[in-house]
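K.L.:
Residue-level listing of the chains:
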Amino acid sequence: MNRFEPKIIAFLCNWCSYVAADAAGVARLTQLPNVRVIRVNCSGMVDPSYVVKAFASGADGVLIGGCHPGDCHYISGNIKTLRRSFLLKSLLKELGVEDGRFRLEWIAASEGPRYARVMNEMVEEVRNLGPYVPPSRRSAKGAA
Amino acid sequence: MPKKKLAVYTATGCRACENSILDVHFQVSPVTPWAEVSFWPYLAGSQWQDLDGDDQIDLCLFAGAIRTADDRKAALRLREKTRLIVAVGACSAFGGMPGLVNLGGVANDADPVATDESTQPGLPRTEPRVSALSDIIDVDYVVPGCPPPKNLLWSAIQALLCPGECTSRISYAASRLPDPISQSLTSGILPPRGSTFAGDKAVCASCSRVKEEKKFRSVFRPYAIDPDPGRCLLEQGVLCQGVATREGCGGLCTAAGAPCRGCFGKAQAVFDPGAKMVSAISSTFDSTKAAEIEAMSREFVDLAGTFYRYTMPAQCVLLAGPAKDENNAGDVL
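Just so you know, the protein sequences line up as chains A and B, in that order.
The first sequence begins at 1 in the working numbering and counts up one residue at a time.
The second sequence begins at 1 in the working numbering and counts up one residue at a time.
Isolated chain B, as found in the complex (with noise of 0.2 Å):
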């Protein structure tokens, strides 16, 4: 049976995604019969010309955020040769922090001369906005998080690359995946188009500490407060997005004392992540007066950028993208 082939490539990003892979390390062993990498500039030095062959990459694993004319090249270019594409990553999947640039509206390449690469190299062209991969081509899984656990994407490439008989294919990321996904993973049938590798609910239903009733009396950033252990984050008044956030972490950050940031994107029923917080946070305001709750209310800063950190570019309802089919949009009224 021919090896399958993997490619891995960053767009505009940390590459902290990458390390995530190379993290899963000696697990990839039971791999290697089945898989070999043929495109990985960061790892393996390659470069473009090595896409020119017949050949069709089976799954790649792509990270960082649509920001360059170069980013969307290569976005289009990895489709056209891939069977199978996986947005991984915050950046790839949402927009990422590379994202929050669209908080400042539609901005045009301020320097457009196009400078002679060879003689005086310059910055990349930007885009308008940045775009999360999704934007630019059909995405056929996600796996998010920011960078994704290595459970999660170890789970990603067994899933995706290895045939059912795979030594490897252990479970032990299943346990709170959803359904078509760990059968995906036990099974060696592919889940459906467009999962994400990730579970359904909010972190809030893993995190392991204690939730009482919530009342806020004030906010406080993180290194002001040494929280209690074992007591929900939020009810101490830190700005925990956990109600809001996709879980499938584990609740890796709350369960060592730092509130969630969102980097796993909007929980499957929630609309707006911002909208979802704004309720989640103020309904709890321990006062009835209107003074009280304004003055409250403002000792919060930053609110899209807190609300929307990891997912400005995809699921900001009011910043986000616009639509693929432009002749649809708007005009809902």
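So that you can see chain A by itself, here it is in the shape it has in the complex (with noise of 0.2 Å):
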């Protein structure tokens, strides 16, 4: 009864991914209500600031939906992405979030089965790992 519903953050660039999941909605494809889409020109712009914030403010899970490497609308802004994603990973992980709730995931227009399909795959993935509490408010709880 008492299932928890994670927080999902997806950045979708504008082009590719965001069209996905646009097309997904068309199609009628059945998709987990737990994803809050952010639409971004491009996957090269979300900072890992972005990503942090988007934890810190709550998210269980964060996505980074881009066109697939060499399909960029802008040439190599996905690559972009690319190289931050790795180090992004591994701070994170050192901090306390775990790898599950981070994704980088190219998505071309014309895939909305595999945007829902991926969706779905993350939700249930994160739900699994349970919710994610920043130390600072676990520590606020405890002492409370």
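Hints are supplied without guarantee of correctness; some may be wrong.
Claimed, not checked - In the DSS-like style, the derived pairs of lysine-lysine whose C-alpha atoms are separated by at most 30 Å in a straight line are:
#1 B:K150 - B:K211
#2 B:K289 - B:K201
#3 B:K5 - B:K150
#4 B:K150 - B:K81
#5 B:K215 - A:K53
#6 A:K93 - B:K214
#7 B:K215 - B:K150
#8 B:K215 - B:K3
#9 B:K81 - B:K201
#10 B:K289 - B:K211
#11 A:K93 - B:K215
#12 A:K53 - B:K201
#13 A:K93 - B:K73
#14 A:K53 - A:K93
#15 A:K7 - A:K93
#16 B:K3 - B:K73
#17 B:K214 - A:K53
#18 B:K289 - A:K53
What the hints assert, rightly or not - Each pair of labels, with its calculated beta carbon distance range:
#19 A:P33 - B:W48: 34 to 44 Å
#20 B:A255 - A:E98: 48 to 58 Å
#21 B:E299 - A:I38: 25 to 35 Å
#22 A:E5 - B:L22: 31 to 41 Å
#23 A:G130 - B:I189: 45 to 55 Å
#24 A:L29 - B:G257: 49 to 59 Å
#25 A:N2 - B:A69: 30 to 40 Å
#26 B:R231 - A:N2: 34 to 44 Å
#27 B:S208 - A:V26: 52 to 62 Å
#28 B:E80 - A:N14: 52 to 62 Å
#29 A:R28 - B:E292: 40 to 50 Å
#30 B:R193 - A:L29: 54 to 64 Å
#31 A:E98 - B:G45: 33 to 43 Å
#32 A:L29 - B:R125: 56 to 66 Å
The hints are simulated quantities; they were obtained by calculation from the structure and are not laboratory data.
A virtual CB, placed ideally from N, CA and C, is assigned to each residue, including glycine.
Work from the hints to combine the two standalone chains into their complex.
P.N.:
Put into structure tokens, the structure is as follows:
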């Protein structure tokens, strides 16, 4: 009954992943309602700070969706995201954010079914991990 | 005119900040007609009872992080007695190196047995997490640094302690300080509450090295490379945190060939120092292949301890202390 419903923030690029999300909706594919989409012009503009801020503000998982490498509307924006993702993942891990909570996925405009599948997969994975509580709030709860 | 009263105290810290205050040495003499030290345990052997009189302290320079129950008590007591409190040094301002202990999660005191101090002196009780001074009390001003350079300390002492007509009011420290602070140095009007005695921009703005296109091939620990003089350290593969760090030191370390370690805390425009450094470093990786990039990323060790070396309790967004008003914390989404 009391199933944990994770909050997932998805930064989707305007040209591929966002269109895929649209297509998934139009095709009436089943999608779990735990995802909050933020449309960005390019996945390359998603600064690591945005991801950190999402977690700090109560997100349980963050996904960045971009065009497949080579397909970027801005030629190489998605490569910039790719470059940042590994170091960001290690930093998040050291700060206590488990691996499965942050994902970088390439989803092309035509891949509506893939979008729905990736999102549903991620929701279930984060559901299994449980809620993400920043250590600061963990201590506040413990003291109370 | 009665002399103004100065207090200096270090909580959990190494007292290098107090030594840095002493380093101002002969320049202090113009201040002596205006101010006197009334509480300074390290220098004058002051006791807490010395604060019991009716007199208010005019300026307290508080160094050190809040780690033990005694630290907290000292901070509260000095706040009660003092008109202006300045957080001096990285520990007091952001939690400093002692704050890295927060990375281990919330710790409960392992040995809660109260010892009898007279017969069996024990270790002081520690708090569950290390805090910056501003998590405990309201702080009027901040002088960052580990330890703060003496020119910034001197500018703070002048701006906050000396009346306008003091002959020591010189502006050698003011060149790259934000306007309100350099104005207060020359005019004697207090800077806005909460001001930091340092610059606004990043260390790169005052670093003397030439910055060209940054391309990372591999990272070097400082001992493993003899960097070219005059060229940006980050370009040469040394992990320099100048990009994310507040300026004010004038690029002292980078000028000497040592990478910036971030002791001034984050620059004003930076949201989270770690995220900023991740972005700054990894976007300059000279590769487009996932496997190569991943291999380069693996060369970095201890990211959290490096990027938040001085700032974890106050400026690491994910680990920072609970908001003062806990009712409003969280539930943003």
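K.L.:
Against this structure, judge whether each hint is valid.
P.N.:
Okay, the hints, checked on the actual structure:
no.	hint	result
1	B:K150 - B:K211	28 Å, holds
2	B:K289 - B:K201	34 Å, violated
3	B:K5 - B:K150	20 Å, holds
4	B:K150 - B:K81	26 Å, holds
5	B:K215 - A:K53	27 Å, holds
6	A:K93 - B:K214	26 Å, holds
7	B:K215 - B:K150	35 Å, violated
8	B:K215 - B:K3	57 Å, violated
9	B:K81 - B:K201	34 Å, violated
10	B:K289 - B:K211	26 Å, holds
11	A:K93 - B:K215	26 Å, holds
12	A:K53 - B:K201	21 Å, holds
13	A:K93 - B:K73	35 Å, violated
14	A:K53 - A:K93	15 Å, holds
15	A:K7 - A:K93	19 Å, holds
16	B:K3 - B:K73	27 Å, holds
17	B:K214 - A:K53	26 Å, holds
18	B:K289 - A:K53	28 Å, holds
19	A:P33 - B:W48: 34 to 44 Å	59 Å, violated
20	B:A255 - A:E98: 48 to 58 Å	41 Å, violated
21	B:E299 - A:I38: 25 to 35 Å	32 Å, holds
22	A:E5 - B:L22: 31 to 41 Å	58 Å, violated
23	A:G130 - B:I189: 45 to 55 Å	54 Å, holds
24	A:L29 - B:G257: 49 to 59 Å	58 Å, holds
25	A:N2 - B:A69: 30 to 40 Å	39 Å, holds
26	B:R231 - A:N2: 34 to 44 Å	59 Å, violated
27	B:S208 - A:V26: 52 to 62 Å	58 Å, holds
28	B:E80 - A:N14: 52 to 62 Å	55 Å, holds
29	A:R28 - B:E292: 40 to 50 Å	41 Å, holds
30	B:R193 - A:L29: 54 to 64 Å	55 Å, holds
31	A:E98 - B:G45: 33 to 43 Å	51 Å, violated
32	A:L29 - B:R125: 56 to 66 Å	57 Å, holds
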